[in-house]
Amino acid sequence: MANKMSRLTRFFIIGVFLLALIARIIPGPRTIDDSYITFRYSRNILAGNGFVFNRGERVLGTTTPLYTILLSSIALFTGKTNAPFPWIALIINALADAVTCVLLFQICKKSGFTIAGISLALVWAIAPYSVTFAIGGLETSLYILLLISALYFYLNNHYQLCALLLGFSFLTRPDALIFIGLYLVSRLCVACKTRSYSISTWSKEIAAFLLPVLPWMIFASIYFGNPIPHSLLAKSVTYSLPSNAALERLIQHYATPFLEHLTFGVPSIAVGLVLYPFLSLVALYHFWKNDQQMSIVLLYPFLYFGVFAIANPLIFRWYLSPPLPFYFMLILISAEKMLKSLLTVRGIDRFQKRTPTLFNYGIIPVIIILPPLLFSAKGWTMSPDHGNKSPAPEMAYIQLELLYKNALDKLLCKVNVDTNATLAAGDVGVLGYYSGLRILDTVGLNSTEALDYYPLDKKYYAINYAIPPDLILDYKTEYIIILEVYGRLGLLKDNRFNDTYTLIEKIPTDMYGSDGMLIFSKK
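Each residue of the sequence shown is one higher than the last, beginning at 0 in numbering that gives the first Met the number 0.
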């Protein structure tokens with residue numbers, strides 16, 4: 000039986016690994032605008048221009064230096080600066096997610112919840128919040144792999160390796176500090192409980208963490224003048240948000256982690272708001288009694304919720320992915336534990352003894368595995384209405400990216416563009432990657448000069464990404480490509496702007512309530 004179970008485990012691991020790969024390869028790249036920013040940094044590194052977005056401008060506009068360097072390193076083997084970065088990113092992310100699925104299964108199995116582990120691995124393999132940003136080219140998949148790997152090695156008492164992975168995670172996303180903080184608390188609790196206070200051991204763990212972090216901090220301080228990403232500062236001052244915007248978005252997200260609202264509609268939010276936190280608390284209580292090391296680290300989704308709710312950033316979709324595998328784990332482990340307890344209390348344990356295979360591999364798996372899997376599958380479409388027609392998650396929409404590519408093509412067709420010209424835009428990924436022009440980022444993520452015009456008077460905001468009129472008028476960039484809604488209440492009403500620029504093309508679109516995408520050229 001043991002050999003048979005081992006064989007089944009191996010088959011499952013191979014199967015879920017392949018499922019995760021297939022679920023990302025079939026849709027193909029559906030690259031998100033922010034990913035193109037990272038790609039442009041990587042391409043400039045590859046071309047010898049340095050770690051820059053605009054040549055000659057040392058601005059750290061990306062929050063993921065590790066991912067940027069990884070892309071450049073792999074692209075180096077292609078031998079060309081026009082390497083297929085969307086495909087390179089997809090392959091990295093697909094492999095990262097496949098390994099993550101295996102580790103999630105192994106973590107649950109080690110904790111005594113094999114069925115929950117099977118469910119968790121299968122769900123994460125196809126979850127839209129996992130697949131979308133893998134095929135979207137973002138660093139999310141690598142980031143989650145590093146966190147889950149750190150947890151796996153931590154539970155197996157490989158503390159130095161865990162610390163090293165946490166160092167890499169910090170260089171992939173700065174919000175890794177949330178998980179690192181919990182790790183430190185858990186590590187201290189374990190040390191106190193076992194009375195292991197070896198200075199040598201702690202020194203090695205600290206050294207392992209600093210091994211990747213310290214060189215980067217020194218380099219960034221010298222090269223950029225500051226190791227803190229400039230984009231973090233820009234996001235803190237350029238967006239105009241209600242004080243509870245992030246809280247509301249997070250509540251909805253945590254209430255429908257498996258996208259239940261796609262099946263049951265709005266009422267599922269009210270149900271999930273009670274059900275899933277309750278299940279999570281049941282699992283946390285179980286671990287607190289049996290494995291305090293695990294219980295502290297698994298507070299991550301709730302601490303993540305609290306930090307982002309208080310900080311109140313503009314919540315982009317990919318901000319919602321990192322806590323999900325941990326949240327799924329708590330929910331599914333609790334479901335397995337409670338279901339087994341319920342059936343035992345009801346006297347079905349006698350039935351279990353008579354038919355163990357049916358009980359362990361039939362009833363409980365059907366209840367725990369199928370619902371989250373089916374709910375998540377509901378988030379897919381067999382034929383997207385734009386881009387590649389292969390099956391993909393509904394949320395993997397790239398209409399905006401396609402619009403910007405179309406706008407750039409029209410600009411290049413209508414105007415003999417000087418390669419030394421500057422193009423101003425609010426969304427700069429696609430435009431920067433495909434044009435090669437100098438970009439004035441009106442939100443300031445990659446252009447330090449833009450921050451001199453923020454905070455911006457709220458009267459200019461129809462939505463976020465409102466453009467300060469004086470920014471454009473002072474720098475007089477040769478070209479501008481924006482959604483109409485970005486300039487509706489400010490730039491487009493300014494007579495000075497209308498006297499200086501001419502509209503050369505308007506592409507029809509109602510994206511974000513916009514009246515078209517506008518292409519301007521300086522008169």
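FYI, nobody ran anything at the bench for these hints, they're computed from the structure. Treat the hints with care, since some could be wrong.
[Unchecked claim] Simulated restraints on C-beta separations:
id: 1; residue 1: Ala206; residue 2: Leu75; range: 26 to 34 angstroms
id: 2; residue 1: Met337; residue 2: Cys191; range: 46 to 54 angstroms
id: 3; residue 1: Thr501; residue 2: Leu231; range: 34 to 42 angstroms
[Stated by the list, open to error] Here are the simulated lysine to any residue pairs, SDA-like style, with alpha carbons at most 25 angstroms apart:
id: 4; residue 1: Lys339; residue 2: Pro312
id: 5; residue 1: Lys109; residue 2: Asn225
id: 6; residue 1: Lys492; residue 2: Tyr511
id: 7; residue 1: Lys475; residue 2: Lys522
id: 8; residue 1: Lys457; residue 2: Asn243
id: 9; residue 1: Lys109; residue 2: Leu283
id: 10; residue 1: Lys492; residue 2: Leu283
id: 11; residue 1: Lys336; residue 2: Asn415
Glycine included, C-beta positions come from ideal geometry on N, C-alpha and C.
Now for the hints, and whether the structure bears them out:
1. Between Ala206 and Leu75 the beta carbons are some 29 angstroms apart, a value that agrees with the proposed interval 26 to 34 angstroms.
2. Between Met337 and Cys191 the beta carbons are some 31 angstroms apart, a value that contradicts the proposed interval 46 to 54 angstroms.
3. Checked against the hint of 34 to 42 angstroms, the C-beta distance between Thr501 and Leu231 comes to roughly 36 angstroms, which is consistent with it.
4. Between the alpha carbons of Lys339 and Pro312 the distance comes to roughly 41 angstroms, so the proposed pair goes past 25 angstroms and is violated.
5. Between Lys109 and Asn225 the CA atoms are separated by roughly 42 angstroms; this puts the pair beyond 25 angstroms, and the hint is violated.
6. Of the supplied pair hints, the one linking Lys492 and Tyr511 holds, its CA atoms being roughly 19 angstroms apart against a limit of 25 angstroms.
7. Taking the CA atoms of Lys475 and Lys522, the gap is near 10 angstroms; set against the 25 angstroms cutoff, the hint holds.
8. The suggested pairing of Lys457 with Asn243 holds, with an alpha-carbon distance near 17 angstroms, which does not exceed 25 angstroms.
9. A distance of roughly 16 angstroms separates the Cα atoms of Lys109 and Leu283; the hinted pair therefore holds under the 25 angstroms criterion.
10. Restraint check for Lys492 and Leu283: not satisfied, since their Cα atoms lie roughly 55 angstroms apart, outside the 25 angstroms limit.
11. Restraint check for Lys336 and Asn415: the C-alpha separation of about 67 angstroms exceeds 25 angstroms, so the hint is violated.
In the structure shown, a violation is registered for the earlier hints numbered 2, 4, 5, 10 and 11, in ascending order.
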